[in-house]
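Asks: The primary structure of each chain is shown beneath.
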Amino acid sequence: SQQGEEDPQALSIQEGENATMNCSYKTSINNLQWYRQNSGRGLVHLILIRSNEREKHSGRLRVTLDTSKKSSSLLITASRAADTASYFCATVLAGGTSYGKLTFGQGTILTVHP
Amino acid sequence: DGGITQSPKYLFRKEGQNVTLSCEQNLNHDAMYWYRQDPGQGLRLIYYSQIVNDFQKGDIAEGYSVSREKKESFPLTVTSAQKNPTAFYLCASSKGWGSGSIGEQFFGPGTRLTVL
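These protein sequences, in sequence, are chains B and P. Take the first sequence: its letter number 110 is residue 110 in our numbering, and every next letter is one higher. Take the second sequence: its letter number 15 is residue 15 in our numbering, and every next letter is one higher.
Note that these hints are calculated values from the structure, not bench results. Predicted model, so just to flag it, every value in this text is computed and none were measured. Where a beta carbon is used, it is the ideal one built from N, C-alpha and C, also for glycine. Check each hint, because a few of them may be wrong.
Ranges of calculated distance between the beta carbons of each label pair, as one might list FRET restraints [stated by the list, open to error]:
(1) B:54 with P:8: 28 to 38 Å
(2) B:77 with P:39: 52 to 62 Å
(3) B:28 with P:114: 35 to 45 Å
(4) P:7 with B:52: 19 to 29 Å
(5) B:58 with P:28: 36 to 46 Å
(6) B:50 with P:116: 38 to 48 Å
(7) P:27 with B:15: 28 to 38 Å
(8) P:114 with B:113: 42 to 52 Å
(9) P:116 with B:20: 40 to 50 Å
(10) B:56 with P:26: 50 to 60 Å
(11) P:39 with B:114: 23 to 33 Å
(12) P:8 with B:114: 27 to 37 Å
If you only want the chain P side, here are some residues facing chain B, beta carbon under 10 Å, derived [said to hold, decoys possible]:
(13) 40
(14) 59
(15) 60
(16) 61
(17) 68
(18) 70
(19) 106
(20) 109
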């Protein structure tokens, strides 16, 4: 099964509301990253949080990481219609043969209604 | 402009044919990656390369082959041995792994492959 699993699978909100997406993983990580994908396009990196960090901000984005629960959340504040996209978490494992590789979750589809 | 380009954007293949997807980057990145994305799914790693003339299998390498003869290029061949090749293929690159911490990957626009 996937290293990262996201919840919810789909989220529909109104413009101006906040959107929260969660990601859980199974094994120790070096870092966790969030990406956005607009329909039929490539992925765009949003934010990276290292295993020794608990919270990180970038503009309207806030990411938290709880390594004891092996989970992360992405909060988008004051959402806009342009935020409509799929959001993926991806983990880089801490060591072993998988070191350095990104493992993606299945994503959360966010729809922001004007 | 710096970035990653993939071509073609759409590709149609008959069963039994090999096809090659192009990926070029001018970001001077050492590492390059190929992913496959199926509808409603996340990305799965096919092959990756940390340096020129070296590459490793990812999680779903069967039926695919790659080469890394130049730093800026990492073409992917989908062979006839790949049983279900219809998918969206994404190429990515990143800085080298030597620092001990893996950073962001930069993605191309993707190639949508359809087997007829």
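Asks: Could you run down the list of hints and mark each one as holding or not?
Replies: Hints versus structure:
Restraint check, residue 54 of chain B to residue 8 of chain P: a C-beta distance of roughly 44 Å breaks the suggested window 28 to 38 Å. Between residue 77 of chain B and residue 39 of chain P the beta carbons are some 30 Å apart, a value that contradicts the proposed interval 52 to 62 Å. Between residue 28 of chain B and residue 114 of chain P, the C-beta spacing of about 39 Å keeps the proposed range 35 to 45 Å intact. With their beta carbons about 40 Å apart, residue 7 of chain P and residue 52 of chain B fall outside the hinted range of 19 to 29 Å.
Here the CB-CB span from residue 58 of chain B to residue 28 of chain P is close to 24 Å, at odds with the stated 36 to 46 Å. The hint said 38 to 48 Å for the Cβ distance between residue 50 of chain B and residue 116 of chain P, and at roughly 46 Å that hint holds. Distance hint for residue 27 of chain P and residue 15 of chain B: a CB-CB separation of about 34 Å, consistent with the stated range 28 to 38 Å. Take residue 114 of chain P and residue 113 of chain B: their Cβ atoms lie about 32 Å apart, and the range 42 to 52 Å is violated.
In this structure the hint that residue 116 of chain P and residue 20 of chain B lie 40 to 50 Å apart at CB holds, the actual value being about 42 Å. At roughly 29 Å, the beta-carbon separation of residue 56 of chain B and residue 26 of chain P lies outside the given 50 to 60 Å, and the hint is violated. Between residue 39 of chain P and residue 114 of chain B the beta carbons are some 26 Å apart, a value that agrees with the proposed interval 23 to 33 Å. Distance hint check: the CB atoms of residue 8 of chain P and residue 114 of chain B are about 34 Å apart, consistent with the given range 27 to 37 Å.
Residue-level restraint check for residue 40 of chain P holds (minimum Cβ-Cβ distance to chain B is 7 Å; threshold 10 Å). At a threshold of 10 Å, the smallest CB-CB gap from residue 59 of chain P to chain B is about 8 Å, leaving the interface hint in force. Given hint, residue 60 of chain P at the interface with chain B, is violated; its Cβ is 12 Å from that chain's nearest Cβ, farther than 10 Å. Proximity of residue 61 of chain P to chain B is violated relative to the hint, the smallest CB-CB distance being about 12 Å (cut-off 10 Å).
Interface hint at residue 68 of chain P: violated, since its Cβ lies 16 Å from the closest Cβ of chain B, which is beyond the 10 Å cut-off. Checking residue 70 of chain P against chain B: minimum C-beta separation of about 21 Å lies over 10 Å; hint violated. The interface hint given for residue 106 of chain P is met, as the beta carbon of that residue sits about 7 Å from the closest beta carbon of chain B, less than 10 Å. Restraint check, residue 109 of chain P versus chain B: the minimum CB separation of about 5 Å is within 10 Å; hint holds.
Hint violations for this structure: numbers 1, 2, 4, 5, 8, 10, 15, 16, 17, 18, all remaining hints satisfied.
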